[in-house]
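Here are the chains, one letter per residue:
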Amino acid sequence: EPEVTQTPSHQVTQMGQEVILRCVPISNHLYFYWYRQILGQKVEFLVSFYNNEISEKSEIFDDQFSVERPDGSNFTLKIRSTKLEDSAMYFCASKKDNSGNTIYFGEGSWLTVV
Amino acid sequence: DAKTTQPPSMDCAEGRAANLPCNHSTISGNEYVYWYRQIHSQGPQYIIHGLKNNETNEMASLIITEDRKSSTLILPHATLRDTAVYYCIANYGGATNKLIFGTGTLLAVQP
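Note that the protein sequences, when read in sequence, are chains H and D.
For what it's worth, the working numbering labels the leading residue of the first sequence as 1, then goes sequentially.
For what it's worth, the working numbering labels the leading residue of the second sequence as 1, then goes sequentially.
None of these hints come from the bench; they were simulated from the model.
Just so it is clear, CB atoms sit at the ideal spot from N, CA and C, and this is done for glycine as well.
There may be inaccurate statements among the hints.
What the hints assert, rightly or not - Below are the BS3-like pairs computed for lysine-lysine, each with C-alpha atoms no more than 27 angstroms apart in a straight line:
#	chain 1	residue 1	chain 2	residue 2
1	H	Lys42	D	Lys69
2	H	Lys57	H	Lys78
3	H	Lys57	D	Lys3
4	H	Lys42	H	Lys83
What the hints assert, rightly or not - Anything over 10 angstroms on all C-beta distances counts as not near chain H; from chain D, calculated:
#	residue
5	Ala2
6	Gln45
7	Ile74
All chains, full assembly: derive it from the sequences and hints.
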């Protein structure tokens with residue numbers, strides 16, 4: 001069964017460093033998402049992306065965050081200058097089209113900022 | 001998206017049916033009911049969704065009341081591996097379709 005894959009599974013970074021989290025969505029999907037989950041808290045929406053542009057973003061997704069689809073397969077989340085409070089599990093997700101299809105999630109990238 | 005209300009936790013004996021309730025009294029006519037689960041900080045896993053009719057797939061059944069104000073997810077023969085947080089989400093689907101997760105129900109399957 002096709003799945004969303006994410007790398008790295010775990011990354012430790014120093015505060016102030018840039019981090020790029022990578023995702024390979026399901027191949028024929030057109031809508032892409034990033035969510036995050038701080039330890040012990042809810043899964044929170046960050047951003048959705050379609051047709052090479054952001055379609056919606058949450059308050060969490062400030063200027064420190066950016067997303068990109070650099071080629072036909074990867075979808076990346078960049079955090080420009082990490083803060084301690086960015087420590088969380090980051091989930092990538094994708095959806096086939098706009099007809100109400102299901103969103104499928106990857107297994108997550110655990111980011112620890114020290 | 002309509003607000004959903006779920007009990008914070010439930011227990012179920014292994015091999016028995018797990019019935020997880022969800023209230024969505026403000027759901028609108030074109031909002032779907034989606035169920036996802038999250039096993040121990042893994043990525044949320046899609047289970048099932050429905051609009052008006054009851055639905056069944058290889059994982060579970062979804063029973064939606066006629067007035068659509070509540071629904072029940074049924075895992076027919078719960079196993080230990082079904083221990084997870086289960087999320088009921090009301091969502092329009094369509095282009096925007098961003099899922100908003102609540103706190104869900106922690107289902108503990110007991111041996």
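Checklist line | Hint check, failures only | finding: Going through the list in order, the structure violates hint 6 alone and respects the others.
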